[in-house]
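Protein chains: 6
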Amino acid sequence: MPSGNPTVYITRKGHFSASHRLFNRQWSNDRNQEVFGKCNNPNGHGHNYEVEVTVAGSIGPDTGMVMDLKKLADLLDEEVLERFDHKHLNHDVEALKGVIPTAENIAIVIWKILSDRIPDGRLFSVKLYESGNNFVEYRGDRTA
Amino acid sequence: MPSGNPTVYITRKGHFSASHRLFNRQWSNDRNQEVFGKCNNPNGHGHNYEVEVTVAGSIGPDTGMVMDLKKLADLLDEEVLERFDHKHLNHDVEALKGVIPTAENIAIVIWKILSDRIPDGRLFSVKLYESGNNFVEYRGDRTA
Amino acid sequence: MPSGNPTVYITRKGHFSASHRLFNRQWSNDRNQEVFGKCNNPNGHGHNYEVEVTVAGSIGPDTGMVMDLKKLADLLDEEVLERFDHKHLNHDVEALKGVIPTAENIAIVIWKILSDRIPDGRLFSVKLYESGNNFVEYRGDRTA
Amino acid sequence: MPSGNPTVYITRKGHFSASHRLFNRQWSNDRNQEVFGKCNNPNGHGHNYEVEVTVAGSIGPDTGMVMDLKKLADLLDEEVLERFDHKHLNHDVEALKGVIPTAENIAIVIWKILSDRIPDGRLFSVKLYESGNNFVEYRGDRTA
Amino acid sequence: MPSGNPTVYITRKGHFSASHRLFNRQWSNDRNQEVFGKCNNPNGHGHNYEVEVTVAGSIGPDTGMVMDLKKLADLLDEEVLERFDHKHLNHDVEALKGVIPTAENIAIVIWKILSDRIPDGRLFSVKLYESGNNFVEYRGDRTA
Amino acid sequence: MPSGNPTVYITRKGHFSASHRLFNRQWSNDRNQEVFGKCNNPNGHGHNYEVEVTVAGSIGPDTGMVMDLKKLADLLDEEVLERFDHKHLNHDVEALKGVIPTAENIAIVIWKILSDRIPDGRLFSVKLYESGNNFVEYRGDRTA
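Protein chains in written order, with our numbering: chain W, 1 to 144; chain E, 1 to 144; chain L, 1 to 144; chain G, 1 to 144; chain C, 1 to 144; chain X, 1 to 144.
Note that these hints are calculated values from the structure, not bench results. Careful, some of the hints might be misleading.
The list cannot tell twin chains apart, which means a pair is met if one copy fits it or any two copies do.
Think about it this way: if two alpha-carbon atoms lie no more than 25 Å apart in a straight line, the pair counts; the simulated PhoX-like pairs of lysine-lysine are [to be verified]: (1) 97 - 38; (2) 38 - 71; (3) 97 - 112; (4) 71 - 112; (5) 70 - 13; (6) 38 - 13.
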């Protein structure tokens with residue numbers, strides 16, 4: 001059996017389908033259009049978002065696990081996916097109120113939600129795919 | 001070089017990101033909620049749609065092609081993707097006016113748009129993925 | 001809105017992780033090894049199976065749907081995925097008792113389970129992926 | 001065990017990486033450029049091709065299989081992948097001599113190679129992906 | 001040609017299909033069921049595992065390579081995939097004897113196997129996908 | 001709204017299809033064959049390459065973005081994809097002249113091209129997939 005207490009990174013992936021509009025309410029329509037382009041469509045547009053949550057930790061000698069992936073999956077479902085799925089991110093999600101729902105900001109908000117529930121600094125990364133070609137990652141206050 | 005005039009099926013895949021809401025305006029809110037559930041969220045939700053367009057035909061002996069895939073790609077881009085991408089399908093797309101934008105109806109509308117531009121009954125199939133787990137296909141009036 | 005009653009094919013995809021062993025109990029060990037090779041490993045091996053269920057039908061004019069994909073998803077979950085997931089297909093699944101659990105036979109069994117629940121011959125196809133490189137499809141008694 | 005002799009479709013997928021140039025040697029350079037565009041780059045370009053071979057048949061009652069997928073995989077490897085992989089399709093592959101190596105023609109040539117080795121008309125389809133967005137399918141002389 | 005000796009990370013991906021059961025033989029059945037849930041199914045269940053092995057190093061000026069990817073692929077095949085594929089990880093794999101075959105422990109064991117064969121601390125990461133939604137990574141004794 | 005100036009990593013993915021041949025012109029044919037094997041095929045072979053470019057930075061408080069992903073996409077298109085797509089990497093790409101076009105060297109060359117256009121050390125990683133099973137990553141002169 002593996003000895004010592006090596007760090008292992010475990011990741012759970014989830015999905016949610018949502019609408020958003022990139023829009024800064026303190027700017028003119030022209031300025032919003034200039035900066036956000038087609039992402040500023042007034043009626044919004046949408047994505048199948050994929051979110052990967054990574055937790056780092058040592059392995060429990062009795063379980064062979066860093067953390068029960070089922071519990072991480074449940075946490076992600078309850079705290080994030082159920083609140084974000086089939087919603088308009090500008091209007092329907094409490095945690096995003098007042099936030100421009102760029103992928104970057106959504107990832108940071110998901111980090112904040114989960115870091116309260118995953119103790120001891122073990123939350124390592126939140127990665128958010130807006131599409132197969134665009135994605136972002138946030139690792140908290142750590143430097144690169 | 002292959003002899004005869006065998007039928008070959010060629011497919012071009014494209015992507016668009018859009019919002020929609022499933023909602024029958026002739027029904028009460030309760031009835032809409034009962035039938036469409038979370039897909040009836042008033043502010044809408046969204047998807048990264050993938051659309052596969054298949055054309056059937058014999059191979060041109062000089063070109064080795066059923067149809068220039070670049071032309072099929074351009075047709076799909078101009079007639080469908082540019083009109084559907086980063087839009088709200090209930091509000092922003094002329095071809096969908098008055099249509100409940102289920103995947104089934106979107107596929108049929110894309111078929112109608114393209115069948116005018118792909119002559120001689122060669123359009124064979126329009127397949128639309130709403131997510132990795134849900135997709136529909138329409139093959140025109142052919143029987144299964 | 002689309003007129004007429006065209007046939008549309010809708011598909012729901014699901015996943016289950018299971019073990020199996022290819023083994024004909026009426027054969028000798030040597031014969032089993034010769035025919036099934038490494039798939040005959042006595043302790044079994046396993047796969048992340050993916051199953052795609054396709055239903056064909058005309059679109060309800062009030063709903064824009066062939067069938068509520070949510071109901072198809074629930075049906076697939078309850079009747080198939082919950083019974084097959086995290087199981088050994090030779091030992092733990094009632095519907096597979098006495099069946100050599102090849103991908104072909106599993107697809108046919110899933111068809112039989114679902115065709116009782118999807119009336120009027122609308123079940124069109126069951127496609128089963130054993131891995132990204134191996135998959136099978138069953139379309140009932142229809143000819144190719 | 002499933003009764004009767006239903007038809008099941010089994011598919012094996014393989015990969016090869018190759019170069020090609022679309023070019024009709026009986027045409028002028030200008031004509032080639034007009035028809036084939038960037039696919040006519042004189043030094044060629046390349047793809048990771050994916051090929052899916054589908055065989056249709058009834059299930060052997062003793063094996064639960066249409067055909068040993070391992071044998072289909074070996075056939076595909078030996079007859080196709082080893083001859084096409086890491087090659088320039090215009091120059092290095094005997095079976096493609098004199099053929100403009102469009103996806104359509106490559107699929108037909110693979111069909112011809114395999115149909116000699118898969119008896120009794122059981123070869124059902126050859127599907128060739130040139131990229132994730134472009135693919136073709138050939139089903140022999142069958143009508144759609 | 002690139003000057004200096006920058007570090008580049010090269011990765012080879014491989015696949016194996018196997019069964020496992022999460023079970024601590026020093027615990028009661030109830031305790032095992034409580035901790036491991038459906039992963040404790042007595043007859044086991046299985047996965048199509050994907051393993052990504054990353055080696056870090058500087059580029060050989062004559063070869064343009066960190067390490068021959070073909071050799072890395074052969075090493076992965078011989079030392080890992082051939083021993084793990086189509087096996088029951090609790091019973092059939094020597095290197096896993098006495099280890100609860102969680103994804104975490106399997107990744108560490110694969111690291112140990114390969115680090116003996118990839119000298120000079122160049123093995124950088126072993127990433128193991130149990131499914132598309134669950135994966136782990138081990139990077140040796142390095143801190144995050 | 002997220003406070004402070006946390007670092008976020010944003011990634012854009014692009015594709016190009018190209019040919020290459022691994023070959024050191026200062027070596028004998030035998031030596032080239034010994035080292036590069038089938039990758040040394042004189043007429044070349046090809047791939048659908050995928051390139052992921054990652055930029056690290058803090059989020060603009062007015063935009064919610066590290067950098068406009070559309071601008072990163074345009075930069076990648078203009079500086080890399082248009083120059084590499086449908087080309088033979090040994091002959092047709094100025095930036096690769098004199099370089100053995102291994103995945104490692106291509107990644108470094110793409111890094112050099114982009115680092116001139118992405119100021120202030122914010123380019124974080126260039127990841128290049130030669131196929132689904134082989135990929136490399138370069139992170140500049142940073143240590144692992």
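Results for each hint:
1. 97 - 38: Both: 22 Å inside a chain and 21 Å across chains, each within 25 Å.
2. 38 - 71: between (38 Å within a copy, 13 Å between copies)
3. 97 - 112: Answer is within: at 14 Å inside a copy they meet the 25 Å cutoff, but 40 Å across does not.
4. 71 - 112: within (18 Å within a copy, 28 Å between copies)
5. 70 - 13: Both. Shortest intra-copy (11 Å) and inter-copy (21 Å) distances satisfy the 25 Å Cα cut-off.
6. 38 - 13: Between copies only: 19 Å across, 28 Å inside.
Figure legend: structure checked against the earlier numbered hints; every hint is met.
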